[in-house]
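Whole structure, please, built from the sequences with the hints as guidance.
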Amino acid sequence: MLEVTDLTHAYGRGSSRHLAVDGISLKADQGELVSIVGPSGCGKSTVLRCIAGLLHPTRGTITVNGVAVHGTVPDGLAVVFQDYSRSLYPWLSVRDNVALPLRRTQRGRAQRRRDAQQALAVVGLNDTAHRYPWQLSGGMQQRVAIARAIACDPVLLLMDEPFGSVDAQTREDLEDLVLRLRRDRGITILLVTHDIDESVYTGDRVIVLTGAPGRVRADLTVQLPEPRDQITTKELPAFVQLRTEVSRLIRGQPTRAGTSGG
Amino acid sequence: MNQTTAKATRWFGRWLVLAAGILAWQQWAEWRRSAFFPPPSAIGAQMYHLWFSGPVSHLALTSSAIGNILPSLARVAVGLGIAVAVGAPVGIAIGRSAAVSGYLDPLLHFGRSLPAVALVTVFIVLFKLGDQMEVAYIAFGTIWPILVNTIDGARTVDPLQVETARVFRLSAGQRLTKLIVPATMPKFFAGLRISLSLSLVLMVIAELTGSTDGIGYLMNNASNSYEMTEVWAGIVLLGILGYALNAALLGVEHHVLAWHRGARRLTN
Chain A
1 MLEVTDLTHA
11 YGRGSSRHLA
21 VDGISLKADQ
31 GELVSIVGPS
41 GCGKSTVLRC
51 IAGLLHPTRG
61 TITVNGVAVH
71 GTVPDGLAVV
81 FQDYSRSLYP
91 WLSVRDNVAL
101 PLRRTQRGRA
111 QRRRDAQQAL
121 AVVGLNDTAH
131 RYPWQLSGGM
141 QQRVAIARAI
151 ACDPVLLLMD
161 EPFGSVDAQT
171 REDLEDLVLR
181 LRRDRGITIL
191 LVTHDIDESV
201 YTGDRVIVLT
211 GAPGRVRADL
221 TVQLPEPRDQ
231 ITTKELPAFV
241 QLRTEVSRLI
251 RGQPTRAGTS
261 GG
Chain B
263 MNQTTAKATR
273 WFGRWLVLAA
283 GILAWQQWAE
293 WRRSAFFPPP
303 SAIGAQMYHL
313 WFSGPVSHLA
323 LTSSAIGNIL
333 PSLARVAVGL
343 GIAVAVGAPV
353 GIAIGRSAAV
363 SGYLDPLLHF
373 GRSLPAVALV
383 TVFIVLFKLG
393 DQMEVAYIAF
403 GTIWPILVNT
413 IDGARTVDPL
423 QVETARVFRL
433 SAGQRLTKLI
443 VPATMPKFFA
453 GLRISLSLSL
463 VLMVIAELTG
473 STDGIGYLMN
483 NASNSYEMTE
493 VWAGIVLLGI
503 LGYALNAALL
513 GVEHHVLAWH
523 RGARRLTN
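If you're matching them up, the sequences are chains A and B in order. Taking the working numbering, the leading residue of the first sequence gets 1, the next gets one more, and so forth. Taking the working numbering, the leading residue of the second sequence gets 263, the next gets one more, and so forth.
To be clear, the hints were calculated from the coordinates, so they are not data collected in a lab. Because the structure is a prediction, the values reported are computed rather than measured. Beta carbons are placed, not taken as given, at the ideal position from N, Cα and C, and that holds for glycine. Among the hints, erroneous ones may be present.
[Said to hold, decoys possible] Pairwise CB distance ranges, derived in the manner of DEER restraints:
no., chain 1, residue 1, chain 2, residue 2, range
1, B, 367, A, 19, 30 to 38 Å
2, B, 422, A, 1, 20 to 28 Å
3, B, 374, A, 247, 54 to 62 Å
4, A, 65, B, 428, 15 to 23 Å
5, A, 110, B, 367, 42 to 50 Å
Here it is as structure tokens:
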């Protein structure tokens, strides 16, 4: 589904050249949720922006469903940015924000509005269609951004630290929303985060990056029972063990078991 | 005190200051009895006599009002209209293209620093005396604030908003109408407000130098025949027009930029 091979990206050139990511390879299968976790400055966002076609990689290849991405936004891709307050357009109502990208595929205005309304219902925001994003709380705004992303039925959803600026309770609700979307719609999701618990709780696989420059330190398979639950999943020994392991990997300490490199 | 009373108090206070100012002026003018500084009551009576004592069928406007105030307003409207029609799209085009703005930057700063007052002769030579010259003069003078502010607005569209447009693959038309234009609006309006007050100044200058009608023309005539009350009537009229036009523009802006005020209030 998604295949990244030897991705390398450097910002600037000459003496100010800064290598952000170095030779990253990763794969995501159809319907899989892969979380990428790493310390700040490890180039997580750079990886995501290369996949989104917003950045030209310096070296390496990215393919989505077999089609190479090279500085162009691939088909069926949607992105949820961390900074929802800037990514949503403040001059458009919530519904028009969600309906905006549908213009490409849906001709009729009424149909676009119906689709937007439906996407809003999926994220639990039925009554906010006519309000403006800035009238909503941070968590609700990020739900609008998620609705906008799923409205056009993406096959690949990229999320760049999507819950970094909301409070803990909201964050958990939004994590569960993403898990539900993945389950109901079979969307492949790549979730970048700096939060270790989040990476383990949401992921089918966790890719641990170390930086800088960012390199893949480990690719771990998460074997936790479905559906996951914020309380019971997080008290499982398997969860605790895995989060400890990710934590050690990020800090560059030796791990106890040889589970890395999967 | 609730909000409505607070608002009413503020409103009342504002007009109270104005009324007190006029009253003080009246007292001072009656005491001085100077021919150059007539009392407001005389100015008001003169304004009524000159412009607002016409037939009801003409909304009480006299033929002098119709023949002079309306042409002046029309020149301002057409001149400013041209400045917006040219300045806004050109400003967006320049602001969105780093290459173009690089080439045009020196030219723009040269143009905007020219004092329009010094150019009135150039415009008379180019367009001859008359409406054409006056409109062109107003348009030239008012285009710079609109242009410079629109360029700035278009150039500083939030990069994340632009990336969002790219990621969701908005068409070129959508990017323009749903992103660039709305995002530029706050700066555009800031420029338009400056241009509006400038347009009245330019209108008077253009009309003073050689027009056969208009507010500036009336004031020039009155001043040549030492009709000081009439000159003052013109000054007060210009003040009222400036205030009314600005209030009208603020009304439009309030409506168009409701999102901007809302978003700013909440993030600050």
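Would you list, in rising numerical order, the hints stated earlier that this structure does not obey?
-> none
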